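Top to bottom, those sequences are chains A and B. If you count the first sequence from 1, position 510 lands on 493 in the working numbering, and the numbers rise without skipping. If you count the second sequence from 1, position 558 lands on 541 in the working numbering, and the numbers rise without skipping.
No copy labels: a pair is met if it fits in one copy or bridges any two.
With a straight-line cut-off of 25 Å between C-alpha atoms, the simulated SDA-like cross-links for lysine to any residue are:
1) 220 with 188
2) 102 with 181
3) 365 with 328
4) -3 with 371
5) 32 with 532
6) 420 with 17
7) 426 with 391
8) 365 with -13
9) -2 with 357
10) 426 with 4
11) -3 with 321
12) 426 with 3
13) 69 with 534
14) 426 with 460
15) 32 with 355
16) -3 with 429
17) 420 with 5
18) 220 with 127
19) 365 with 331
20) 420 with 358
21) 420 with -5
22) 524 with 304
23) 407 with 1
Hints in this document: simulated from the structure, not taken from any laboratory. These figures come from a predicted structure and were not determined experimentally.
Number of protein chains: 2
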Amino acid sequence: MRSSTIVHEVAEYKKRRDELITQDRALRADHSREPLSPAEALAEEVIRKLKTTEAATLWSADYPSIPHPFPGMEFLTGRSIIMQSKLFEILSKMPKGSLLHGHFDAMGQAPALLDLALKQPAVHVRCAERLTASNIQTVPPEFLCLPEDMYPDLAGSVSLTDANYQHTWISAQLARELFDPQLGGPGGFDRWVLAAMTINPSEAYGTHNTVKKVMLHISVQRFRSLIATVGFQIWEKFASTFGVYERIVHYVPIFREYFRQFLLSAIEDGVSYIEIRMNLTYKVVAADAKTELSTREIFLILDNVLKELTAEFKQQGREDEFIGAKIIITAFRLFSVEIIETLLHGCIALKKEFPHLIAGFDLVGQEDVLQPLIYYAEPLLKFRQMQQDAGVDEIPFLFHAGETFTDGTEADMNLYDAILLGTKRIGHAFSLLKHPKLIEMCKEREIAIEVCPISNEVLRLTSSMHMHPVSAFFNHGLRVVLSSDDPCIWQCVGLTFDFYQVLVSSELTGIIQLGEVAKDSIKYSMLSPDEKQRALVAWQKRWDKFLEYVAGFGREVLSAHDTTSFT
Amino acid sequence: MRSSTIVHEVAEYKKRRDELITQDRALRADHSREPLSPAEALAEEVIRKLKTTEAATLWSADYPSIPHPFPGMEFLTGRSIIMQSKLFEILSKMPKGSLLHGHFDAMGQAPALLDLALKQPAVHVRCAERLTASNIQTVPPEFLCLPEDMYPDLAGSVSLTDANYQHTWISAQLARELFDPQLGGPGGFDRWVLAAMTINPSEAYGTHNTVKKVMLHISVQRFRSLIATVGFQIWEKFASTFGVYERIVHYVPIFREYFRQFLLSAIEDGVSYIEIRMNLTYKVVAADAKTELSTREIFLILDNVLKELTAEFKQQGREDEFIGAKIIITAFRLFSVEIIETLLHGCIALKKEFPHLIAGFDLVGQEDVLQPLIYYAEPLLKFRQMQQDAGVDEIPFLFHAGETFTDGTEADMNLYDAILLGTKRIGHAFSLLKHPKLIEMCKEREIAIEVCPISNEVLRLTSSMHMHPVSAFFNHGLRVVLSSDDPCIWQCVGLTFDFYQVLVSSELTGIIQLGEVAKDSIKYSMLSPDEKQRALVAWQKRWDKFLEYVAGFGREVLSAHDTTSFT
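Whole structure, please, built from the sequences with the hints as guidance.
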């Protein structure tokens, strides 16, 4: 029989335990915020219940093509299961706040982009050799927008799948029509092109070690030679998709519509504000497929599309759904110090003409093998003074840093420079957990972390979402925003997929935490104080609506039989 | 031309940067210790240089059977490359201090264990059906030590590979002799048995998702049914190897020699003190293969082997190489609360009789699916009082906790209980980084973390060493000891492989950090203060010798052409 002493002792112990757990979680956004409203408390309960239930049902079922599914598994393999998730459907309705980390050319949707291309007679395609059943997996398409006077004679055009085909250009429309029925006809053409625009599971997971191969102690020269020799599949493939986009997107008639479309798809997904990373060296050709636009002309188009869209939403009384978009000017990490300095001047000139459009400056390209931030210390340190001399408002740094799982490498040490150079947010900061002092500084200075869960997993920084540092970021009280990086390549739309992966791979994270993340994505955006205020008010309205929607089927979910408790 | 202002500014910046890096790394053992001696500084330089060189040569070469090798890659795949590493050879000579986390039955070497079994006529084997080329991969051996009066008649024994074989017992020696030459003869028999004692790459990496399959929200009942149905390969295979060891090791004539052998192999590898986890419910049968030994008799054998070994080393003037070994009593996480309380009493009884042998108490079994520590709160909270009532010295808790990549699950929350219950060290603590408050407490209370790098990777908590939290543990100033957990299953000897994986997967970690880890493995062991003092002095002597050894080929290594600098 149990003595009353031990009963008391156990009770005391459990009290101490609860206190410790509370202390340990105190820094989480969903714990440090004001108490939940009844509607929020209900939504939290409903979503947690649904998550638990789907883990034991949807994710424990057997799927012929997916040996061992689990919530938070490799995204490209698990996507088909995610699409069947009620939880996913609910999240797609959630107001997400801002999308703060995405690269212009990879923010659309591949099929929509292909449709745009097929509408343009100027778009032509060729490939290195005749396509057959045996080489269609390995021979990629090459696109080019040709001026009318260079169109190949339609009658003489030979299909890419024809025995006589010889690396000649053919109109994309015609190439599609004439595509060999044995290879799927027009549908087969579409699949062939889309495969070159996206990463498939075997590409990502069959080669998931290679990211590490060239990671350690390596010069840019050696990296290039490695790509040429042993190959570097996942990043090689990743880079190659941009090659395809570039040839299609950078043509004014497509460019304009593409931009409009990806904005609309993000808005559709509950995103109300977007910051888009775009290279300052970005090239676009006019409708004649000859004349190259100036950067100024490119930005006039962007500005124009945004003004149109804003007007349309206003007209439809949907102002709350779209606050706007800004551009983060980027430069490639392979450029010389001199070129970077020139580009910084270009960035300032743009800020002068489009003050409302320019959100900040960043350097891009794979950190593990390209130049570290410290290499550009001189121009980057000059930047602030250059802005003052030019009399423009501050252009904040919004650096990629620590997009690596190494420690003490140049890529990892970019975190020191990003912070010392005064970055307002950090892109990825995947290796931040290894740096006690930097965690502290990010918290003190409220430097938000742009976490791109699916991107990190597909590019093999982590084998699944469970090992992704984002849960630790939450618990350490770091400000986190979730983003999609290059959604087109992993065939995502907006932010729902990334929100879903983070939600289902953590026991602690619920809908309230995601709500705080959405709010922070507005708070830590580069919107002006007034714009932020307006965006937050609009978000709150939509959030309250969302909570009602969740409550709508709350009873049904909560009454469902629980198959999953630990006994 | 550059203004002197900017030149000055850059210099200032680099100074601030160096200061920040120093601050950020200040908590590392290799930074917070006293300055390096000249011999240490040289060794550090030599080892770093060798690591860099081998990353660019040994690890960048092409291997027919290993598509994309890299330092720190999946251990079972990379082992053959590691064996060719000069760095590995050097580490094997390093004094490692203590091995503090290993499970008795899996601490030997599979081939040696098989040899021991083949020397014993009592050891018999059978399998479910006749072995053929098509089923030899899937039909495992079953061993049993038979009493002499139950030996099957030798003449009538049928080979496991014979057409007439029918699940009958046959002497292991004979089974080996008669093994069908088509299946490799005696060598084929050995390979077949060893495959059942170890995990191979395809088992570990072909099924690396399955650990997560049953991880979330699941009852023990459901876990069992899942194993029975869809399977749970990696942990299932992991558990199955213990089934094989048990039938061989738990026979006195083998048990005694097996224990002696694994102690010697660890000592040979530079380990001078060992704490071994052993179930209190451990069963051993006497030489007659009938009589079961009492726990007391088992411990008399262990005590006796240790006394012999100590005497032998003293006689050979090698006292510095072997300080001794102690047992951490363990109980399985599936037992009832009542059984655990009974076992705690048994542990105290043992401590009374073998005070020098008992190092502490722990609970074992996969945390993700078995009972959490809180389930046993009552008996565990009583334990201290029980010890005082029995008048024995304190038996510290040395709990496994957080051997999971989840957050907020029972397995992850075991960390709260391990710490609140006063554990002196934590086994694995793989999920500790997610807990800011617990990191703090582990540092304040000097709770050392028993990190088992290869075990965590083979059991798929992490896809490679780069994502293992150990580098972060170092940087956060946590006390870390490295251990091998179940070296027999991954065919490791001693600690060199684990030291190697940690060294090559981090840019920051060098030989000095590993030296501090070795010292801490003595400092945070359960040795008495006097024993610790003796062990530390002995270790220092051997460390100084090791530094001389490294210096021996220092010049050669340092003069080697550097192919790897970042330019």
